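Chains as they are written, first to last, in our numbering: chain A, 1 to 354; chain B, 1 to 258; chain C, 1 to 334.
These are computed hints drawn from the structure, not numbers from a lab. For clarity, every value in this text was computed on a predicted model and none was experimentally measured. Don't take every hint at face value.
Subject to a maximum C-alpha distance of 25 angstroms in a straight line, what follows is the list of computed SDA-like cross-link-like pairs (lysine to any residue) [claimed, not checked]: (1) B/K230 / B/I253; (2) A/K76 / C/R239; (3) C/K126 / A/G260; (4) A/K229 / C/I35; (5) C/K231 / B/L112; (6) A/K21 / C/R239; (7) B/K139 / B/E193; (8) C/K126 / B/V56; (9) B/K111 / C/L127; (10) C/K231 / B/M100.
Across the chosen pairs, the derived CB separations fall in these ranges [what the hints assert, rightly or not]: (11) B/G255 / C/Q210: 36 to 44 angstroms; (12) A/G43 / C/A63: 53 to 61 angstroms; (13) A/I290 / C/S267: 37 to 45 angstroms; (14) B/S8 / A/R72: 17 to 25 angstroms; (15) C/Q213 / B/K118: 26 to 34 angstroms; (16) B/P38 / A/V92: 43 to 51 angstroms; (17) A/I290 / C/G42: 45 to 53 angstroms; (18) B/K118 / A/L168: 44 to 52 angstroms; (19) A/A123 / C/G173: 19 to 27 angstroms; (20) B/G15 / A/R72: 29 to 37 angstroms.
C-beta atoms are modelled at their ideal positions from N, C-alpha and C, and glycine is treated no differently.
Spelled out from the first residue to the last, the chains are:
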Amino acid sequence: MSNATLSDKRPSSLRAAHLPKWFSWAVAAGSIALGLGISTVAGLESSIQWALIAGVLFVLATFVITSSVEGRRQAKDRVATSLVWVSFLLAVIPLASLVYETVKRGVKVLDGYFLSHSMGVVATSESGGGIYHAILGTLEQVGLAALISVPVGVLTAIYLVEYGRGKLAKAVTFFVDVMTGIPSIVAGLFILSTWILILGMGPSGFAGAMALTILMLPVVVRSTEEMLKLVPNELREASLALGVPKWRTILKVVLPTAIGGITTGVMLAVARIAGETAPVLLLVWGSNFINANPFSDPQASLPMYIYLQFQQSGGYGAAYDRAWAASLTLIAFIMILNLAARGIARWKAPKSGR
Amino acid sequence: MAKRIDVSGLNAYYGSFLAVEDISMTIQPRTVTAFIGPSGCGKSTFLRTLNRMHEVTPGGRVEGKVMLDDENLYGAGIDPVSVRREVGMVFQRPNPFPTMSIYDNVAAGLKLVGNKKKSELDDIVEKSLKGANLWNEVKDRLNKPGSGLSGGQQQRLCIARAIAVEPKVLLMDEPCSALDPISTLAIEDLIGELKERFTIVIVTHNMQQAARVSDRTAFFNLAAVGQPGKLIEIDDTERIFSNPSVQATEDYISGRFG
Amino acid sequence: MDISTTKDTAAPPTPQPSADQKRAERGTTRPGDRIFLGLSRGSGIFLLALMAAIAVFLSYRAALAISKDEANFFTTFEWNPTAVPPEFGIAVLAFGTIVSSIIAMAIAVPVAVGIALFITHYAPRKLGGPIAYVIDLLAAVPSIVYGLWGALVLVPQLDGLYGWLNDYLGWTGILEWQGGAPRSMLTVGILLAIMILPIITNVSREVFRQVPQMQEEAALALGATRWEVIKMAVLPFGRSGVISASMLGLGRALGETMAVAMVLSPSFEINASLLDPGGGTFAQNIASKFSEATEMGRDALIASGLVLFVITLLVNGAARLIIARRKEFSGANA
Numbered sequence: 001m002s003n004a005t006l007s008d009k010r011p012s013s014l015r016a017a018h019l020p021k022w023f024s025w026a027v028a029a030g031s032i033a034l035g036l037g038i039s040t041v042a043g044l045e046s047s048i049q050w051a052l053i054a055g056v057l058f059v060l061a062t063f064v065i066t067s068s069v070e071g072r073r074q075a076k077d078r079v080a081t082s083l084v085w086v087s088f089l090l091a092v093i094p095l096a097s098l099v100y101e102t103v104k105r106g107v108k109v110l111d112g113y114f115l116s117h118s119m120g121v122v123a124t125s126e127s128g129g130g131i132y133h134a135i136l137g138t139l140e141q142v143g144l145a146a147l148i149s150v151p152v153g154v155l156t157a158i159y160l161v162e163y164g165r166g167k168l169a170k171a172v173t174f175f176v177d178v179m180t181g182i183p184s185i186v187a188g189l190f191i192l193s194t195w196i197l198i199l200g201m202g203p204s205g206f207a208g209a210m211a212l213t214i215l216m217l218p219v220v221v222r223s224t225e226e227m228l229k230l231v232p233n234e235l236r237e238a239s240l241a242l243g244v245p246k247w248r249t250i251l252k253v254v255l256p257t258a259i260g261g262i263t264t265g266v267m268l269a270v271a272r273i274a275g276e277t278a279p280v281l282l283l284v285w286g287s288n289f290i291n292a293n294p295f296s297d298p299q300a301s302l303p304m305y306i307y308l309q310f311q312q313s314g315g316y317g318a319a320y321d322r323a324w325a326a327s328l329t330l331i332a333f334i335m336i337l338n339l340a341a342r343g344i345a346r347w348k349a350p351k352s353g354r
Numbered sequence: 001m002a003k004r005i006d007v008s009g010l011n012a013y014y015g016s017f018l019a020v021e022d023i024s025m026t027i028q029p030r031t032v033t034a035f036i037g038p039s040g041c042g043k044s045t046f047l048r049t050l051n052r053m054h055e056v057t058p059g060g061r062v063e064g065k066v067m068l069d070d071e072n073l074y075g076a077g078i079d080p081v082s083v084r085r086e087v088g089m090v091f092q093r094p095n096p097f098p099t100m101s102i103y104d105n106v107a108a109g110l111k112l113v114g115n116k117k118k119s120e121l122d123d124i125v126e127k128s129l130k131g132a133n134l135w136n137e138v139k140d141r142l143n144k145p146g147s148g149l150s151g152g153q154q155q156r157l158c159i160a161r162a163i164a165v166e167p168k169v170l171l172m173d174e175p176c177s178a179l180d181p182i183s184t185l186a187i188e189d190l191i192g193e194l195k196e197r198f199t200i201v202i203v204t205h206n207m208q209q210a211a212r213v214s215d216r217t218a219f220f221n222l223a224a225v226g227q228p229g230k231l232i233e234i235d236d237t238e239r240i241f242s243n244p245s246v247q248a249t250e251d252y253i254s255g256r257f258g
Numbered sequence: 001m002d003i004s005t006t007k008d009t010a011a012p013p014t015p016q017p018s019a020d021q022k023r024a025e026r027g028t029t030r031p032g033d034r035i036f037l038g039l040s041r042g043s044g045i046f047l048l049a050l051m052a053a054i055a056v057f058l059s060y061r062a063a064l065a066i067s068k069d070e071a072n073f074f075t076t077f078e079w080n081p082t083a084v085p086p087e088f089g090i091a092v093l094a095f096g097t098i099v100s101s102i103i104a105m106a107i108a109v110p111v112a113v114g115i116a117l118f119i120t121h122y123a124p125r126k127l128g129g130p131i132a133y134v135i136d137l138l139a140a141v142p143s144i145v146y147g148l149w150g151a152l153v154l155v156p157q158l159d160g161l162y163g164w165l166n167d168y169l170g171w172t173g174i175l176e177w178q179g180g181a182p183r184s185m186l187t188v189g190i191l192l193a194i195m196i197l198p199i200i201t202n203v204s205r206e207v208f209r210q211v212p213q214m215q216e217e218a219a220l221a222l223g224a225t226r227w228e229v230i231k232m233a234v235l236p237f238g239r240s241g242v243i244s245a246s247m248l249g250l251g252r253a254l255g256e257t258m259a260v261a262m263v264l265s266p267s268f269e270i271n272a273s274l275l276d277p278g279g280g281t282f283a284q285n286i287a288s289k290f291s292e293a294t295e296m297g298r299d300a301l302i303a304s305g306l307v308l309f310v311i312t313l314l315v316n317g318a319a320r321l322i323i324a325r326r327k328e329f330s331g332a333n334a
């Protein structure tokens, strides 16, 4: 038809010049070699430098070679691919180093003794001592925070998804968003200004837990909300059409369907607050002694312990070792939480889905 | 410009599972060929091998030859991206780009190759929308999102988007299955007009539809679940529906199974 | 969403416990619904009240402090709340907070989007899952550990890079380096970037994964390359998700306390160079000054915390505006 001219302009062939499959690997190998070479010749000290050089070379070489052989569209495609690979590799280096260093330096003093003793009579410069008091404090503070924020958060999310239509729901949605952005130190300052400065209470695990609640609440609301939204409406309608009242529909149909995701969300929230240091610094103060009562007197916590050991080490190796070992413990604690959450999520996931 | 398709000895796999076995057929230019058959018989899979969309599915792989005029789509050095520009596709559910306006949706394929002036683009968009019988309904809201249209309009928008790049062949994978009868009728009328310009292959579950719109009909079947789908026969539509040469075809058409 | 009584009685028998049905038929659904609604609405209201309380009490204590401040609270380069008369201001802190966050975002967002795309669209399928899993886990690593790693591992590594930046880009002024320990704003920015990378990556990946298959197939069927598919179908669909992911990251960067306190050598001055030690951030300043602060000092710190709070509010508001403006074209109801 009338489009003949248009079609004829296009190359009639379906064939396109193609670089071989090993092309990208070759360019990558070349770039790394060149990056290392340049670093050695120029006497550059840090591994960050040659990695950056290699990354830039890789992207540039890919673009130049491809655009000359395969054309501009393919070149853009290749550059996008190589950028994506480079960004991945560049990001992996620090994250891998973090894990590696923590494990390597942490295992030095991490043993049964370390886990079951406090810092009671150990000077910072001495070796020995442990984190028992800190583990206890973290568990109590985080537990209290979760105890408050999970019911409130899940109920709020249910309100937003299942009932919320009017102004109140809009306001709540807005302020949950706002709350998500509250820095932990600000949450700490808030409790400081009310609980400690205005009400005249002393530092305690509970004060810290209240600040942690402020941090945990929006995360719980948000993730629960997302999960509830994923529950297909057909499911709700099916239940309602069977004459099941709405609240039972929510409890028996909606929540069980979403429970995997909600659990994961809660666990992630717990993981986030378990590592919070700032509110603990302001409200719980940290301590070298065992204090099992979260409602009075300063308490230790794992992140606070790490900070104190780091800050007061004065360059003493023993304190650094303890800081790393506590870090490893904290990470392990959080990872176990995470893995357990995922296990539950998978186990509870709706069977029909993929 | 419409091209002829020649398939010979084609097998399509999902991983190690053979989904479609040993298919050979010829599809003439400027005709409508309908694929019918029970669910799972591989007709959609086969359709997707005709523009190399099958391999997009993880594990998807194809053996055999698909000749588009004189070029094998699965030959060495063939660029699947170019193949898909020659062989356009319309999907089961309307899938306009939700973030783009109606205009941008139609122009999406053209903008990929770039080098078109705004006025040229305007012309092609208008012509494509007219070609899809949608122009009068949307000409006043070209800059509104395509997702605001009704299902039938969205599907015609998708057809406009597909024909805007002037493919040689248009594949339609159950294009009406998500639409109401009126919209279905509109699409069927459109198919009748489009076959003047394109080779059209349509998968349908609706035998009346196959009878109404197609010139040739291919019947696919599978021996049992888990077995590969096979082409049972392909013939003029009239013949398939009045006097098929294979008993299974007659059984299927008369509603005895499937 | 009201259930008519006819529907209730006409409900076919189901595998549900029969007690439910009896209760439903007797029409006792209302109290249950009312209590449940009350509880969930109450939670929402509690949350609002909490936010209001935060704003009110912080403002109250901050007002106490600022009223005694003899210097201009916003422009002063000093922090002496216990001096007579008290003089303190947030100029240095505001500058440091914003600069370090900008550096962090500039590094982290593109890289995170890259990794998210890598996982969803580029990595071999067998690799993508495990990588996503590991990065998921890394998002949970607490900031104190990043701080420890930053102070003891990252900082020593940065000497070479800073010397290099100084040699080639020192003429810009902002990348000049006197050769001190690299405990500077750029270090803070880099560390913050590494810290917020997992969270931005995770959220972005989740959004990219949800792009409807049919959108991507639509682009493929038009003859798009992989990158063009991403540009046409994936990025537009994921844009608002990436923005909220970035805001989540920005929120963390703005308010990050311990890690910054551990890698920065703070001072109450604004350095033109990003490589030289000095400066400070709101959160870092609070943590560093808190233990020695008197009541006046604490109120002054609360005042600075309030400013940080307002900044995070503004950032959030801006993000919401960006997302709302794109709502019409969002893929939500495709």
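Each hint tested on the structure:
1. Straight-line distance between C-alpha atoms of B/K230 and B/I253 comes to about 17 angstroms, which keeps the hinted pair within the 25 angstroms bound.
2. With a CA separation close to 20 angstroms, the supplied pair A/K76 and C/R239 stays within the 25 angstroms bound.
3. At roughly 24 angstroms between alpha-carbon atoms, C/K126 and A/G260 fall within 25 angstroms of each other, so this suggested pair holds.
4. A hinted pair counts as satisfied when its Cα atoms are at most 25 angstroms apart, and A/K229 with C/I35 qualifies at roughly 22 angstroms.
5. The suggested pairing of C/K231 with B/L112 holds, with an alpha-carbon distance near 10 angstroms, which does not exceed 25 angstroms.
6. At most 25 angstroms may separate the alpha-carbon atoms for a hinted pair to count; A/K21 and C/R239 exceed this at roughly 32 angstroms.
7. Distance restraint check for B/K139 and B/E193: the Cα-Cα separation of roughly 20 angstroms lies within the 25 angstroms cut-off, and the hinted pair is therefore satisfied.
8. Our distance criterion of 25 angstroms between C-alpha atoms is met by C/K126 and B/V56, whose separation comes to about 16 angstroms.
9. A hinted pair counts as satisfied when its Cα atoms are at most 25 angstroms apart, and B/K111 with C/L127 does not qualify at roughly 33 angstroms.
10. The straight-line distance between the Cα atoms of C/K231 and B/M100 is roughly 12 angstroms, inside the 25 angstroms bound, and the hint therefore holds.
11. At about 40 angstroms, the CB distance of B/G255 to C/Q210 agrees with the hint of 36 to 44 angstroms.
12. In this structure, A/G43 and C/A63 meet the distance hint of 53 to 61 angstroms, their C-beta atoms being roughly 57 angstroms apart.
13. At roughly 38 angstroms, the beta carbons of A/I290 and C/S267 sit within the given window of 37 to 45 angstroms.
14. For B/S8 and A/R72, the hinted distance range of 17 to 25 angstroms is not satisfied, since their beta carbons lie about 36 angstroms from each other.
15. One distance hint, 26 to 34 angstroms for the beta-carbon pair C/Q213 and B/K118, holds here, with the actual separation near 32 angstroms.
16. Distance hint check for B/P38 and A/V92: the Cβ-Cβ separation is about 49 angstroms, which falls inside the suggested range of 43 to 51 angstroms.
17. Between A/I290 and C/G42, the C-beta spacing of about 38 angstroms breaks the proposed range 45 to 53 angstroms.
18. A C-beta distance of roughly 48 angstroms is found between B/K118 and A/L168, which places it inside the suggested range of 44 to 52 angstroms.
19. Roughly 46 angstroms separates the CB atoms of A/A123 and C/G173, a value that falls outside the hinted 19 to 27 angstroms.
20. Between B/G15 and A/R72 the Cβ separation comes to about 35 angstroms, which falls inside the hinted range of 29 to 37 angstroms.
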